[in-house]
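Colleague: These are the residues of each chain, in order.
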Amino acid sequence: MTTESKPTIQFTPERLAKVQEIIARYPEGKQKSALLPLLHLLQEQEGWTSPEGMDYVASLLNIEPIEVYEVASFYTMYHLQPVGKHVIEYCRTGPCCLMGGEEVYAHLKQRLGIDTGQTTVDGQFTLKEVECLAACGMGPVFQIREKYYMHLTNERVDEIIDELSK
Amino acid sequence: MEETKPQLLRVTIDGIQVEVEPGTTILQAARKIGPEVAPPAMCYYQPLKGSGGKCRACLVRVAAGSEKDPRPMPKLVASCLTPVQDGMVVENTTNPQVIDARNGVVEFLLLNHPLDCPVCDQAGECDLQNFAFDHGKATTRYEEDRRTFEKNDLGPYIQLHMTRCILCYRCVYTADQITNKRVHGVLNRGDASEISTYIEKAIDNDFSGNVIDVCPVGALTDKTYRFKNRVWFTKPVDAHRDCPTCSGKVTLWYRGDEVIRVTARKNEWSEVTEFICNTCRFETKKTSDWTIEGPTKVSRASVISANKYRADAIKPSFGQRLAAAEYKPIHDERDTTQLSIQQLPPERFAKLPSAES
Amino acid sequence: MATKILTEHINVPGIETFDVYRKQGGYTAVEKALKTMTPEAVVEEVKKAGVRGRGGAGFPMGMKWSFLAKPEGVPRYLVCNADESEPGTFKDHYLMKNIPHLLIEGMIISSFALGANKSFIYVRGELMYVIHILEKAIAEAKAKGFLGKNILGSGYDLELVVQPGGGAYICGEETALLESLEGKRGNPRNKPPFPAVKGLYQCPTVVNNVESIATTAWIVNNGGDAYAGIGIGRSTGTKLISASGHINKPGVYEIELGVPVEDFIYADEWCGGIRPGHKFKALVAGGSSVPILPANLALTLANGEKRLMSYESLSDGGFATGTMLGSGGFIVFDETSCIVRNTWNFSRFYHHESCGQCSPCREGTGWMEKVLHRIEHGHGHQHDIDLLVDVAKKIEGNTICPLGDAAAWPVASAIRHFRDEFMWHITNPQEATQPGAVYRGDLALV
Chain A
181 MTTESKPTIQ FTPERLAKVQ EIIARYPEGK QKSALLPLLH LLQEQEGWTS
231 PEGMDYVASL LNIEPIEVYE VASFYTMYHL QPVGKHVIEY CRTGPCCLMG
281 GEEVYAHLKQ RLGIDTGQTT VDGQFTLKEV ECLAACGMGP VFQIREKYYM
331 HLTNERVDEI IDELSK
Chain B
43 MEETKPQLLR VTIDGIQVEV EPGTTILQAA RKIGPEVAPP AMCYYQPLKG
93 SGGKCRACLV RVAAGSEKDP RPMPKLVASC LTPVQDGMVV ENTTNPQVID
143 ARNGVVEFLL LNHPLDCPVC DQAGECDLQN FAFDHGKATT RYEEDRRTFE
193 KNDLGPYIQL HMTRCILCYR CVYTADQITN KRVHGVLNRG DASEISTYIE
243 KAIDNDFSGN VIDVCPVGAL TDKTYRFKNR VWFTKPVDAH RDCPTCSGKV
293 TLWYRGDEVI RVTARKNEWS EVTEFICNTC RFETKKTSDW TIEGPTKVSR
343 ASVISANKYR ADAIKPSFGQ RLAAAEYKPI HDERDTTQLS IQQLPPERFA
393 KLPSAES
Chain C
2 MATKILTEHI NVPGIETFDV YRKQGGYTAV EKALKTMTPE AVVEEVKKAG
52 VRGRGGAGFP MGMKWSFLAK PEGVPRYLVC NADESEPGTF KDHYLMKNIP
102 HLLIEGMIIS SFALGANKSF IYVRGELMYV IHILEKAIAE AKAKGFLGKN
152 ILGSGYDLEL VVQPGGGAYI CGEETALLES LEGKRGNPRN KPPFPAVKGL
202 YQCPTVVNNV ESIATTAWIV NNGGDAYAGI GIGRSTGTKL ISASGHINKP
252 GVYEIELGVP VEDFIYADEW CGGIRPGHKF KALVAGGSSV PILPANLALT
302 LANGEKRLMS YESLSDGGFA TGTMLGSGGF IVFDETSCIV RNTWNFSRFY
352 HHESCGQCSP CREGTGWMEK VLHRIEHGHG HQHDIDLLVD VAKKIEGNTI
402 CPLGDAAAWP VASAIRHFRD EFMWHITNPQ EATQPGAVYR GDLALV
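Read top to bottom, the protein sequences are chains A, B and C. Following our numbering, the numbering of the first sequence begins with 181 at its first residue and continues without gaps. Following our numbering, the numbering of the second sequence begins with 43 at its first residue and continues without gaps. Following our numbering, the numbering of the third sequence begins with 2 at its first residue and continues without gaps.
Heads up, some of the hints might be wrong.
[Claimed, not checked] Label pairs and their calculated CB-CB ranges:
(1) HIS384(C) <-> GLU78(B): 27 to 37 Å
(2) ASP128(B) <-> LYS210(A): 29 to 39 Å
(3) HIS384(C) <-> GLY293(A): 22 to 32 Å
(4) MET64(C) <-> PRO160(B): 55 to 65 Å
Calculated directly from the structure, the hints in this document are not laboratory data. Backbone N, C-alpha and C fix where the C-beta goes; we use that ideal spot for every residue, glycine too.
Take the sequences, apply the hints, and build the full model.
Modeller: Put into structure tokens, the structure is as follows:
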């Protein structure tokens, strides 16, 4: 597997500059430390963490692809399968459930017509269950990309979905 | 006279004192005493740097930390990683808490294990089988579904049967430390962790076959040997050849006149002494390729020794003698009254041969 | 008015900017430390303050600092643990989001004290927006000469790096965090060696929680003795408590350690009482991993005295009748809560978050979750209860890192205090699996 084929994925020039900046944060020879930030950059650009993307990141950091696969598959934020435009990461942990999180989640699933792990047929929404998002006092909570949506109710969920569907 | 070996540390394990070099771990000190006090090791592997600490099979109690600070350690410690201190007192098989934890580890390791020993190539030389024999129960308390994986080919020589894997990481360290490129690793996490190449890839490397030898269970098996035999029907013989890639020192496994398997040589702790190349292992299976050194020394307790090599047999250890003396038939809970099975007379159940014989 | 060490200015508009923070007295501690104190003197003040690790373990911070090895010619690192993920805990999120410069000021002081020239803030990746807030604040501080080369002309250099996690609770364990920071899977390391000797990149390293590091600004300004004068006994200073669940006012509160649990729950200053029309059933006082307590034991000690919000008082009675302050994740349950369901939920969390490295945790957490799932869904057996207790016991203390304990304690404690409720689920599966069904048997509701 040493074929030096041209990577099918390429960071944009702005992101490549960011890659250089990130790698420079760590001491000489410790560039592997940049792996998690680079995977976030990759997913930000590509929408998901594809095998080609991971191979590309491995080449940027001069590490073996398996080292990237091992890491990407350990952490839950990296989507190893293609996802919809909006990935809803819904907190399923205790404190949110105390605030009615399970009922709101049932409503959300019904509203989108999909189950956990699925994507709507129009490719707009993917639904994921995640563990505690550290916003327990504001539950129920979900996250879409960097944004937290808190104090969720059935009505609030409908508003958010309506807004994002526009 | 004390000046002759001032640097040695004294450690007492299960009441037996031994002197070892500084930096020695409890497990290595115990091995120095002998197999009767050596804790089991499912992940630790002396030739592989960084191995150990994961399976928790070798947990022991440190009843006194050292001569200077004789306080006990608060928790059980992994003996494979904990260095001895002068005056340390360790409890291994003599401590019920240790035995309890070890029984727990066996139970945990077997939860998701398929227990397919009857069709597993590793049967008879499996560390998990031995560990379960020593510390396991005949019944399970686990009622849930077991985790399963599809079988997976890692190239032409190696098959991965992930369902049997106990995640010792030995094969990962092996690939890191003795091959030039690692393509397999541990993916996912928790009990979804698996050994994999992620996207299908062959492990293609001169030394890749060594992952088979280091695997404590039947998760990584030799495809050129698969289902060809049971290990107790084979006769291991030490041999060597002039190999340009490795030391060429191997064990040949004979069935009749046929070499059906080639492995690296292992010490009494099932650890490879010298890693061998794939050419020796997979492609050099004619007796004429080899200079035969003689029968491999095998412990008499091993099924591999069955009715072979009386002259070379290693004397049974204290532990095996104890096992023989305390032999109890396994209680069969099935109701046999409905079957027309005749009770055999008790004298038919001969005791295991005692050490004196 | 109770002393506020961390949150005094948190509601000042614009406090997230350098200028407003500075106007409120921000960065004076950096000036004081770098211009008038030696690193040893800063360590001494932190030791005197007696501040204990706010991430959950409660280990004295000054002592942790004094363990740091200082071999010649080897860099030392300070890593801030901002991987806040323990269910019930959201204080660091609150602090970093609202007043990022307080953490940065603390990082500068702590790094100076430890002799670190490059320090990291490891923030859980989900809080990417907080990472942007911190990065912006760092850029501001750098522009004003509080970071970078020769800070305030003192000759001291410091660079701060914010590192995102990737989604893994286990990275809150300090050695897993270091592995993750090195770009690896978050597998905790076997100890020893401890990070103080071999940490990040095998160099001596201190890992401290956000809140712990943030206290150092106040300690430098006011002195360790002044800090130690706040609180009660060995529980010195203030603590951020993240309050959630069935209370009137969920949120983050800074309390002086020693406040009665009862006051914290019922006073308007804090939680404002149980939500109207409901009764107090149980409390998880310090994040999901600490033992759950029934209401009566949460409020009073076995000897009848009031239980206080302090390390000692919360753990009074051991695990038989006590719990732990932990990370201060304060989760209140009223009588509508099902303890079995919550225990299953927490158990699922630990199963999901186990790194999978060591066998008792990898296999045991999944086993407990499955058994609890069965009980919750009406397929339990009476022997399951003792099975759970035994499995928890076989995990506890036998794993590489404390996640095993954290997974075992909630299960063991829920059964210890709510065994009848588990039994009700097992013997009344039809009734117990109705939507909203909750055990209404003999319970000491308050």
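Colleague: Against the structure shown, which of the earlier numbered hints fail to hold, in ascending order?
Modeller: 3
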